[in-house]
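Enquirer: The primary structure of each chain is shown beneath.
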Amino acid sequence: MSLSPDSSVGGAPALLSVRGVTKSFGDNEVLKSVDLDVSRGEVVAVIGASGSGKTTLLRCLNGLETPDAGVVSVGAVSVDFASAGQGRGGVKALERAKGSLRDQSAMVFQHYNLFPHRTVIENVIEGPVVVQGRSRDEARADALVLLDRVGLAEKADAYPHQLSGGQQQRVGIVRALALKPELLLFDEPTSALDPELVGDVLLLMRDLAAEGWTMVVVTHELQFAREVAAKVAFVDAGRVLEMGPPSQVLGAPREERTRQFVRRLTHPL
Amino acid sequence: MGIDWSLFWDSLGPLALAALVGTIPLALASFALGMVLAVGAALMRLSKNRLVSAIARLYISVIRGTPLLVQLFVVFYGLPSLGLVINPWPSAIIALSLNVGGYAAEVVRAAILSVDKGQWEAAYMVGMSRRTALRRVILPQAARVAVPPLSNTFISLVKDTSLASLILVTELFRKAQEIAAFTQEFMLLYIEAGLVYWVICLALSSGQMRLERRLDRHVAVA
Ligand SMILES: Nc1ncnc2c1ncn2[C@@H]1O[C@H](COP(=O)(O)OP(=O)(O)O)[C@@H](O)[C@H]1O
Ligand SMILES: [Mg+2]
Chain A
1 MSLSPDSSVG GAPALLSVRG VTKSFGDNEV LKSVDLDVSR GEVVAVIGAS GSGKTTLLRC
61 LNGLETPDAG VVSVGAVSVD FASAGQGRGG VKALERAKGS LRDQSAMVFQ HYNLFPHRTV
121 IENVIEGPVV VQGRSRDEAR ADALVLLDRV GLAEKADAYP HQLSGGQQQR VGIVRALALK
181 PELLLFDEPT SALDPELVGD VLLLMRDLAA EGWTMVVVTH ELQFAREVAA KVAFVDAGRV
241 LEMGPPSQVL GAPREERTRQ FVRRLTHPL
Chain B
1 MGIDWSLFWD SLGPLALAAL VGTIPLALAS FALGMVLAVG AALMRLSKNR LVSAIARLYI
61 SVIRGTPLLV QLFVVFYGLP SLGLVINPWP SAIIALSLNV GGYAAEVVRA AILSVDKGQW
121 EAAYMVGMSR RTALRRVILP QAARVAVPPL SNTFISLVKD TSLASLILVT ELFRKAQEIA
181 AFTQEFMLLY IEAGLVYWVI CLALSSGQMR LERRLDRHVA VA
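Those protein sequences? They're chains A and B, same order as listed. Under the working numbering, the first residue of the first sequence carries the number 1, and numbering increases by one thereafter. Under the working numbering, the first residue of the second sequence carries the number 1, and numbering increases by one thereafter.
Mixed in with the good hints, there may be bad ones.
Once the Cα atoms are required to be at most 30 angstroms apart in a straight line, the calculated BS3-like pairs of lysine-lysine come out as [unchecked claim]: (1) A:K32 <-> A:K155; (2) B:K48 <-> A:K155; (3) A:K155 <-> A:K180; (4) A:K92 <-> B:K48; (5) A:K155 <-> A:K231; (6) A:K92 <-> A:K231; (7) A:K180 <-> B:K117; (8) B:K48 <-> A:K231; (9) A:K92 <-> B:K159; (10) B:K159 <-> A:K32; (11) B:K48 <-> B:K159; (12) A:K155 <-> A:K92.
Partial list, computed: chain B residues near chain A (C-beta under 8 angstroms) [stated by the list, open to error]: (13) S114; (14) A122; (15) M125; (16) V126; (17) M128; (18) T132; (19) A133; (20) R136; (21) A180; (22) A181; (23) Q184; (24) E185; (25) F186; (26) L188.
Please keep in mind that the hints were generated in silico from the structure rather than gathered at the bench. The beta-carbon is built from N, C-alpha and C at its ideal position, and this holds for glycine as well.
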């Protein structure tokens, strides 16, 4: 038995760890103490009804949203939101903390959110060049490799509105990859797509999982969750109600709420 | 009573020159400064800091709620009584740019708000600060929305510069007044001045259309 610090109990060390994260909008308590651990290289699928807080949770992980309390750790960065932002200079410190959290991850949005005034390749290199200060030529070369990989190299100089939804989302994924993050966050990446375009995006995500990317994927694609995710987290009313391997959470859920949700997704009629 | 065509043609040169060295530079300078004020005021207006936002609101309210002529007179004839004497040209530029800034601020603010929230999120996601997000992502898209109304603001401004004649700036209209006073041909000169304004505005409108087409090229019409 190894005693190296990397072999914590229960397997690989957590790349992402969420402890007691809460978030309210006014009176609406959207996240009620969420805990979540994701190991390096692991894919976690997050499922749950609309309005249960999945998007808010993802946004809290990369500093797009500020939790009211709780600790979010990604890689070497750890932010305790209960204390962050308090005292003199607290607001600036909080923004900095959220910024360093954000540097650890990259997000793929439901509605792609590509920059419409920039070409495909400009979308991809914007972060690397403008924020990370990499050379334009180098960033372009890397971007072309990634675009080629998703079959969009010849669209490099097209504008987003000239692409199909599936193509736009693949650019969205390439834009996230180009940031070289530790963690990839997906918020219902295929929900806005026409059904026939969903497959390409899911296949790409499966390849990324096989390559060892650490991914948190909010999705309603149960088959994807079953085949690709190591763990499935069922979010209900702002809590992770149940989490475990897909065979358990999707196949033999412990909680009645999970059972109902999975049944409704599998048998909509 | 016929038209004195020879006076018409003789006056056209001086009037065109006054437009070229008076009206147009005055409009351009005031518009450029006014846009800086407008973007500043719009961002202040959108600030979470209530005091900052209130200052911008007050500025916009005062500018929109008072006549341009009053603003010009306060700067040129009013400030000297506080010991601040400003020459006609700088006075006109100050008053006109403050005026344009107040009107355009609301246009710029609306344009910034019209940009999809997802664009802010994507900008933050790739690691941008608020300032960088504004400069590289939000303002370029807001500009596209703001161009038509701002073009109209500019065309109004060109006509408004004629008020600067009342604080002794020799621009197109003042030149027309001078010639009219000298020749007593008021009707002819004022109509001729109007024609020159009209031609300038027609040229600007066609420029506006071309600019809008160019800006729309890369973006699907939403
Ligand atoms: N910025 C916001 N302001 C106010 N309420 C919000 C905001 N974002 C989300 N909510 C509310 O939080 C709840 C959860 O939303 P969301 O996280 O988007 O859920 P999901 O992604 O699971 O559908 C909803 O009731 C929604 O109305
Ligand atoms: Mg959502």
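Enquirer: Indicate, hint by hint, whether the structure satisfies it.
Expert: Right, here's what the structure says about each hint:
As the CA atoms of K32 of chain A and K155 of chain A are separated by approximately 43 angstroms, the hinted pair breaks the 30 angstroms bound. At most 30 angstroms may separate the alpha-carbon atoms for a hinted pair to count; K48 of chain B and K155 of chain A exceed this at roughly 40 angstroms. Of the supplied pair hints, the one linking K155 of chain A and K180 of chain A holds, its CA atoms being roughly 22 angstroms apart against a limit of 30 angstroms. Distance check on the hinted pair: K92 of chain A and K48 of chain B sit about 14 angstroms apart at the alpha-carbon level, within 30 angstroms; holds.
Proposed proximity of K155 of chain A and K231 of chain A is contradicted: the alpha carbons are some 35 angstroms apart, above 30 angstroms. About 36 angstroms separates the Cα atoms of K92 of chain A and K231 of chain A, which puts this hinted pair outside 30 angstroms; it is violated. A C-alpha spacing of about 24 angstroms is found between K180 of chain A and K117 of chain B, which places the hinted pair at or below 30 angstroms, so the restraint holds. Between K48 of chain B and K231 of chain A the alpha-carbon distance is near 40 angstroms, which puts this suggested pair outside the 30 angstroms criterion.
Pair hint K92 of chain A plus K159 of chain B does not hold up; C-alpha atoms about 46 angstroms apart against a cutoff of 30 angstroms. With a C-alpha separation of about 60 angstroms, the suggested pair K159 of chain B and K32 of chain A falls outside the 30 angstroms cut-off, and the hint is violated. Under the criterion of a C-alpha separation no larger than 30 angstroms, the hint pairing K48 of chain B with K159 of chain B is inconsistent with the structure, at around 36 angstroms. The straight-line distance between the Cα atoms of K155 of chain A and K92 of chain A is roughly 40 angstroms, outside the 30 angstroms bound, and the hint therefore fails.
Annotation: interface hint on S114 of chain B violated; nearest CB of chain A at approximately 13 angstroms, more than 8 angstroms. Checking A122 of chain B against chain A by beta carbon gives a least distance of about 4 angstroms; that is within 8 angstroms, so the hint holds. Of the supplied interface hints, the one on M125 of chain B holds, with its beta-carbon coming within about 5 angstroms of a beta-carbon of chain A, less than 8 angstroms. Evaluation of the V126 of chain B hint against chain A yields a held restraint, the C-beta minimum of about 3 angstroms falling below 8 angstroms.
The restraint placing M128 of chain B at the interface with chain A holds, with a minimum CB-CB distance near 6 angstroms, inside the 8 angstroms limit. Checking T132 of chain B against chain A by beta carbon gives a least distance of about 7 angstroms; that is within 8 angstroms, so the hint holds. Look at A133 of chain B: its Cβ only gets to about 10 angstroms from chain A, farther than 8 angstroms, so that hint breaks. Against a cut-off of 8 angstroms between C-beta atoms, the interface hint on R136 of chain B holds, since the closest Cβ of chain A lies about 6 angstroms away.
The interface hint given for A180 of chain B is broken, as the beta carbon of that residue sits about 49 angstroms from the closest beta carbon of chain A, more than 8 angstroms. With a cut of 8 angstroms, the hint placing A181 of chain B at the interface with chain A is violated, because the nearest CB-to-CB distance is about 52 angstroms. Hint status for Q184 of chain B relative to chain A: violated, with the closest Cβ pair at about 56 angstroms, above 8 angstroms. The restraint placing E185 of chain B at the interface with chain A is violated, with a minimum CB-CB distance near 52 angstroms, outside the 8 angstroms limit.
The criterion of a C-beta within 8 angstroms of any C-beta in chain A is not met by F186 of chain B, whose closest approach is roughly 51 angstroms, and the hint is violated. The closest approach between the C-beta of L188 of chain B and any C-beta of chain A is roughly 49 angstroms, which is over the 8 angstroms cut-off, so the hint fails.
The earlier numbered hints that this structure contradicts are 1, 2, 5, 6, 8, 9, 10, 11, 12, 13, 19, 21, 22, 23, 24, 25, 26.
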